[in-house]
Amino acid sequence: MTVNAPAPPPTDRILRAILAIVFSVSCFSVLNALSKILTRDYPVGEVVWARYAVAFVFMVVLFMPRSGLNLFRWHSVGHQTVRGLLLFFSSFLYFHGLVHMPLATAASISLTSPLIVTALSARFLGEPVGTKRWIAVVVGFAGALIVVRPGDANFSWYSLLIVASTVSSSLYQLYSRRYGQVERPDASATMATIVGTVAAAPLLPFEWITPTFGWDLVLFVGLGAMAAIGHYFLTVAYRLAPAAVVAPFNYMQLLGAALLGYLVFDNFPDFWTWIGAGVIVCSGLYLGHQERLRYRLLVKK
Numbered sequence: 000m001t002v003n004a005p006a007p008p009p010t011d012r013i014l015r016a017i018l019a020i021v022f023s024v025s026c027f028s029v030l031n032a033l034s035k036i037l038t039r040d041y042p043v044g045e046v047v048w049a050r051y052a053v054a055f056v057f058m059v060v061l062f063m064p065r066s067g068l069n070l071f072r073w074h075s076v077g078h079q080t081v082r083g084l085l086l087f088f089s090s091f092l093y094f095h096g097l098v099h100m101p102l103a104t105a106a107s108i109s110l111t112s113p114l115i116v117t118a119l120s121a122r123f124l125g126e127p128v129g130t131k132r133w134i135a136v137v138v139g140f141a142g143a144l145i146v147v148r149p150g151d152a153n154f155s156w157y158s159l160l161i162v163a164s165t166v167s168s169s170l171y172q173l174y175s176r177r178y179g180q181v182e183r184p185d186a187s188a189t190m191a192t193i194v195g196t197v198a199a200a201p202l203l204p205f206e207w208i209t210p211t212f213g214w215d216l217v218l219f220v221g222l223g224a225m226a227a228i229g230h231y232f233l234t235v236a237y238r239l240a241p242a243a244v245v246a247p248f249n250y251m252q253l254l255g256a257a258l259l260g261y262l263v264f265d266n267f268p269d270f271w272t273w274i275g276a277g278v279i280v281c282s283g284l285y286l287g288h289q290e291r292l293r294y295r296l297l298v299k300k
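For what it's worth, numbering that gives the first Met the number 0 labels the leading residue of the sequence shown as 0, then goes sequentially.
Source of the hints: derived by calculation from the structure; they are not laboratory data. Just so you know, nobody snuck in bad clues.
Beta-carbon label-pair distances, calculated as ranges: (1) Phe-154 / Val-217: 30 to 40 Å; (2) Val-220 / Phe-264: 15 to 25 Å; (3) Thr-209 / Phe-22: 29 to 39 Å.
Idealized CB from N, CA, C, for every residue including glycine.
Working from the sequences, and respecting the hints, build out all of it.
Here it is in structure tokens:
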């Protein structure tokens, strides 16, 4: 029996997917900037809780009219809970690291996520990695060391929080690929916001600070809105086009982080941060190129 390979998506769908991922990355860049602003005056646990609680409200508003109660129906609550906890820990660690680090430096470290996913694919997904991809992974991690610079006078221990956050995010992606294929994308995204809200809630009685300024409330709402809208368009992008086409555009987050870091916080990446980030991006783009070649071979079969 011959299995037909998936037909390549039409050009208009590819364009829509690219626009969706660019908008998604822009939302995440603003999200990180808002979190850094808010953690100046509010505890990180409160900011993380607001990120998920407000995002949940936006998820319901976005998806409920179309999905109805299917928004709260999952094939495996256990797998969805583990997936949500991985995303929560990633956000929690990232926001803690951002308090003490420039946006662009944190973004550069987080760009190693595709490299970690590739390195762990053989173990978690049973996917062959191959020599060329392993070399790209090693080179990418060398770029991360250039950014972090352990042992250097400018080394910050808080960068390890970003590293831990990136590992958690990578495990979240691997878990989603392994167990999330049978779930509705909108239901999965909503479950992640529910898990994050519940996980952060126990921290609130110990470090809650009631927002006293109307502008702060606007920032909290914006935080959740950027998270919800960003994840929504991320889902749209991966639904319209193959991951090999969409993933490279995630690297635009570095440009957004550098721009907002300069405009809002007067921080601009130093020379070695740009060099390390460049190495990471080149390694990631090479991995993306390999994925595109593999996809074309599948289409031709």
